[in-house]
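So the sequences go chain by chain: A and B.
Quick note: the first sequence uses numbering that gives the first Met the number 0, first residue 0, plus one each step.
Quick note: the second sequence uses numbering that gives the first Met the number 0, first residue 0, plus one each step.
These aren't lab readings, by the way, just hints derived from the structure by calculation.
Some clues are possibly wrong.
Computed cross-link-like contacts, BS3-like style, restricted to lysine-lysine with a CA-CA straight-line distance of at most 27 Å [to be verified]:
(1) A/Lys-101 / B/Lys-236
(2) A/Lys-269 / A/Lys-75
(3) A/Lys-85 / B/Lys-158
(4) B/Lys-10 / A/Lys-162
(5) A/Lys-162 / B/Lys-51
(6) B/Lys-205 / A/Lys-100
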Amino acid sequence: MDRILFGDNQFFGINHMSEEKARNQAMKFRDVASILRVLDTAYDLGIRTFMCTTHDRIADVCEYMRARPDRYGEFKFYPGMPYAHKYANAVTELGILGAVKKYIPGSFLGTLFTGGKALATKDFIAMMKLMVDAEMKMFEGLNTEVIFLQNVVTDLLLGLELKDVFKSYADHIRNRYRAEPAFFTMNLPRLLDLLEECGIENPIICSSVNKIGFRMCGGIELYEKTIRERKFRPVAMSIFASGAIAPREAVEYICNQEKIESIVFGASSKSHIQETKELIESMSSRNP
Amino acid sequence: MIKAGLIGLGKMGLSHYSIINAHPDVTVSAVCDTSGFVLSAIEQYAGARPYKDYKSMIEREDLDCVVVSTPTSTHAEIVQFAMEQGLHVFVEKPFCLDLEDGRRLIECARNNNRVNQVGYHFRFVGAFAKMQELLAEEIIGPVYHFTAEAYGPVVLRPKGMTWRAQKAEGGGCLHDYASHAVNLIQYLIGRPVRVGGSVLKSIYSKTVEDAVYATLFLKNEVTGQLSVNWSDEAYRKMSTQVTAYGTRGKIISDRQECKIYLREEGRGSLQKGWNILYTTELTRPVYFYLRGEEYSAQIDYFVQKIKSGDIQNINSFEEAFQTDQVLEWIIQDAEQRR
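All chains, full assembly: derive it from the sequences and hints.
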């Protein structure tokens with residue numbers, strides 16, 4: 000994994016600090032062209048990995064980049080699936096079974112297709128795989144060497160202790176996509192315990208890691224100890240705790256957690272991307 | 000260990016299941032849902048025993064408490080049965096559709112001496128808790144007016160296939176979204192005593208209202224506007240905001256931040272003019288995180304109340320009943336207008 004991963008929250012009006020800022024971002028990134036402009040800037044500054052949700056608009060980004068392999072040949076996508084609000088809204092509208100049917104391709108044709116068969120026989124693992132495949136469709140032909148499960152789903156499954164689902168997800172990502180299964184979570188120590196019980200070794204886990212312990216469930220000391228002592232590949236997100244920590248202080252803290260492999264950040268302007276990238280690189284080289 | 004049973008495994012039910020199952024003092028021994036589809040999944044992969052009928056679950060299992068997340072119209076009979084069997088009850092909001100049911104259940108909880116909590120989770124959001132504290136200190140002086148708003152993208156087309164599109168089951172924006180805003184006002188400012196100018200507006204739905212507008216009147220001539228709409232696509236998810244106007248300033252709060260404007264020098268660290276307190280400093284850590292700290296915080300509160308045997312809990316049946324009353328007044332007021 001690259002040291003720096005470029006995130007996409009800013010494109011979808013997600014801001015954990017302020018609804019006003021979130022709205023301003025939603026207005027700024029009202030179309031795909033505005034997203035592509037920022038991605039071009041990041042790419043030209045040397046960033047090669049885009050960590051993104053499976054939002055409809057990302058499908059357009061994928062299509063654009065797929066058509067221009069000369070320009071974006073080195074670009075890697077790290078999908079995070081599913082875009083949870085899509086499913087949450089579908090569940091509210093259609094119920095759980097209705098939502099599953101909506102997102103399993105072919106299921107409306109009854110038992111003729113795998114989707115319908117999985118539904119009829121209540122083969123939930125098969126359904127989960129079909130849903131992963133539906134989400135992955137937009138990335139066809141692009142480089143996706145690491146595939147993440149979004150934290151709403153990871154943490155729901157974690158609370159329910161659905162080990163078989165974690166195992167099958169990991170196997171499916173490895174077998175079908177030749178990719179590394181990875182997980183977002185807000186409960187890092189607990190997730191790592193469960194993944195080890197599932198036999199998923201040395202997993203890639205992306206979690207909030209920041210100096211003030213924001214959204215680090217289990218506490219900052221336990222996080223630091225987990226990162227220091229246990230076998231997994233940590234990726235840090237929310238390193239600025241939505242702006243509550245000054246950039247230099249935030250990056251310095253992360254770079255002192257030596258086993259963190261990669262850092263995700265999102266930004267909308269060239270100067271901001273450049274500053275953050277340079278800060279991470281300079282502090283990382285100080286702590287090789 | 001506290002033994003819990005879950006009744007209803009829809010969107011909220013599954014989320015509660017995950018959150019309470021992760022609690023260090025609780026074990027989920029049984030779950031109940033009418034959908035065979037969901038039950039099979041639980042049976043195959045999770046540990047809890049599945050039931051289709053909540054009565055047999057409660058009778059056969061040795062439970063301490065239940066979490067009820069079924070359509071609102073079914074709350075009354077399930078909650079009453081559980082209470083009569085001696086169980087502590089956490090039930091999703093809103094409480095009951097029929098005020099008589101609500102009155103009976105308050106009595107039932109009192110007689111059986113059980114923890115009785117309703118899932119108005121906004122009270123566990125740091126920014127609203129801070130607002131409540133500041134208002135109680137009268138930092139902006141006496142409140143004379145407020146606005147309570149909630150917007151989100153739940154219904155964006157006519158076709159609704161779940162109980163949320165059925166009035167008789169407790170569907171509609173009034174019971175789903177507006178109940179939160181009304182309950183927050185009770186918590187932050189006080190209990191409405193009457194309502195006026197109520198409008199229940201259908202925008203896309205055929206069977207229920209998609210927006211609620213009303214004026215709320217409190218004691219001491221405090222007034223406020225309720226403006227709620229669950230058919231607003233410009234919002235990514237539910238967004239709830241309360242603004243309180245006082246003689247010495249105002250406070251605006253949402254899930255993320257508490258913004259305070261003071262006309263004069265404030266107390267403590269608060270200054271004249273704008274003060275902004277962010278969620279990062281207002282949020283207390285929780286034992287497990289799913290969708291927001293407030294969901295775990297309310298379940299933890301429920302568990303702690305059971306452990307301590309103290310049934311004087313917040314978000315009690317009585318407080319939720321007062322919210323139901325206001326919703327009922329809004330319905331009556333809107334009908335008269337028509």
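Results for each hint:
{"no.": "1", "hint": "A/Lys-101 / B/Lys-236", "result": "20 Å, holds"}
{"no.": "2", "hint": "A/Lys-269 / A/Lys-75", "result": "20 Å, holds"}
{"no.": "3", "hint": "A/Lys-85 / B/Lys-158", "result": "17 Å, holds"}
{"no.": "4", "hint": "B/Lys-10 / A/Lys-162", "result": "20 Å, holds"}
{"no.": "5", "hint": "A/Lys-162 / B/Lys-51", "result": "24 Å, holds"}
{"no.": "6", "hint": "B/Lys-205 / A/Lys-100", "result": "24 Å, holds"}
Figure legend: structure checked against the earlier numbered hints; every hint is met.
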